[in-house]
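Enquirer: Assemble the complex: chain V is given as a structure, and chain F must be docked to it using the hints.
These are the residues of each chain, in order.
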Amino acid sequence: MTAQDLDALYQEIILDHYKNPHGKGLREDFEAEVHHVNPTCGDEVTLRVHLDAAGVVPVVADVSYDALGCSISQASASVLYDLVVGKSVDEALAIHEEFLTLMQGKGSVEPDEDVLEDGIAFAGVAKFPARVKCALLSWMAWKDATAQAGGDR
Amino acid sequence: MATSSASPVLSGLLPELEVVRKDFPILERMLAGGRPLVYLDSANTSQKPQVVIDAMVDHLERHNANIARAMHQLGAESTVAFEDARDKVAAFIGAPERDEVIFTKNASEALNLAAHTLAWPGDRQVGPGDEVVITEMEHHSNIVPWQLLTQRTGATLRWFGITDDGQLDLSTIDDLVNERTKVVALTWVSNMLGTINPIAEITRRAHQVGALVVVDASQAAPQLPIDLTAMPAEERPDLIAFTGHKVVGPTGIGVLWGSRAVLDQLPPFLGGGEMIETVRMEGSTYAPIPHKFEAGTPPIVEAIGLGAAVEYLGHLGMDAVHAHEQAITAYALEGLATVPGLTILGPTDAAQRGGAIAFEVDGVHPHDIAQVLDSRGVAVRAGHHCAKPAHARFGVQSSTRMSSYLYTTPAEIDALVEGLEYTRSYFKLG
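First to last, the sequence lines map onto chains V and F.
full-length UniProt numbering puts the first residue of the first sequence at 1, with every later residue one more than the last.
full-length UniProt numbering puts the first residue of the second sequence at 1, with every later residue one more than the last.
Chain V extracted, bound-state conformation (with noise of 0.2 Å):
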């Protein structure tokens, strides 16, 4: 690898993420909590999922999560908060497909950025069969937490 795919990996808009991360923390309305680990390395998230079925169609109320990882699974985490907060399940889970595409096409897939938003800096990290985990570790709790709390019928 060179000092290019470092740049094409580490894309500023990740490093700002893992600076600043957004949704952090514990917070109490919850009515799923999973905790997931990458056993090859040993990076871990402790994830929380609230969600809102008053309405019509169940809202994602709240993410929120403690982490301990690399910049990759950091940045995703606060990538997914923003992704996922205030929409409809159905919505957050079309998203969480979309994201799960992109990592897994090996670089291949080209992102759109009206749905991945800021995610859309993760397609560097695609290229990276060793970061995707790290990349997906956050998503795959939310979506583990968000089935344990009913939101996918």
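Check each hint, because a few of them may be wrong.
[Claimed, not checked] Below, simulated DMTMM-like cross-link-like pairs (lysine to aspartate or glutamate); rule was C-alpha separation at most 20 Å, straight line:
| id | chain 1 | residue 1 | chain 2 | residue 2 |
| --- | --- | --- | --- | --- |
| 1 | F | Lys428 | V | Asp16 |
| 2 | V | Lys133 | V | Glu98 |
| 3 | V | Lys19 | F | Glu235 |
Since the hints were made in silico from the structure, they are not lab data.
Expert: For chain F alone, kept in the frame of chain V given last:
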């Protein structure tokens, strides 16, 4: 970058280091972006000299046959080559008897062989009320087998803690190792902290209470001269495990050395061909050691490669290899200390430690450090290094680890230190 011309002269380095490096073809490798390889991950796996590669290729090209059962010339040649490898390994560790050297798949299998056979009926069987003592600084492969053993037998697992400066806490040894203790299993050299443990002292105490001592020598065998015969019997461990690929040999081959007395007391591990004396439908009798513990066709060419590897180390001289490791380690500790925000986990005196140095850098995660270093051709390991409890002891989730070996140059350490400085600037840490 990492060339000898830039190397400072340190005392203790292997003589003719540049000539030695030429024995390892991979060290010539250029990486992406035209970067020369700076390999600082030898505690993970060591690189292989040409003589090992050639020994394996030659065997496959000219002598390949199964051992101890093929009644033809190639079978005889192959058997001789395999058993020669056992002699070479026995010489490498100064084994009192060559038949005490058991070939396994790796160090994990060697440790599991011990932990499994100790659970089964026999003179050494571990049972309810018995205690097994390990340490908090073990590799997972010297923790999990003992957890399995104690869970299966109803015995109790206990362990030595670690002091703040990365040594085993021996203050409780007389309580911890007592008349209920059946096994004391510990690492000789920590793969994370680098600590060299006082094997003789702990073995003496364990033998006083009649406990068996199992030593994980995976990190010790590559860098410390080992002479089992020269050790006083009361200080000599009963079983020692190490792996081939960390002593410049291939993967797929490990070693369990055990004293004949203990190996004779342990029941067989895996059943199959080669480990038997005779088989009847009603039951079987077993071959004497070493074959008793070598069921099935062994990793023949891997054993031969390991034989060539330890012979190579013997030619360099393990005293010289150890001196080189100490010189490089001291130089690395000095260089790392100049990096702002860097904390070394484990002893900081090179004389008291092995060549694996784990560290943290404030504000940058080990993964990110390893990734940036990789972009400069510097290969290190990041993560928990299969030693999660030792990390937990220091309140650390993961670390970056550099590990040198006999081919490491001071210039490569310089490249690491420069790479760490670059990493800090890359992540804007001033």
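Enquirer: Against the structure shown, which of the earlier numbered hints fail to hold, in ascending order?
Expert: 3
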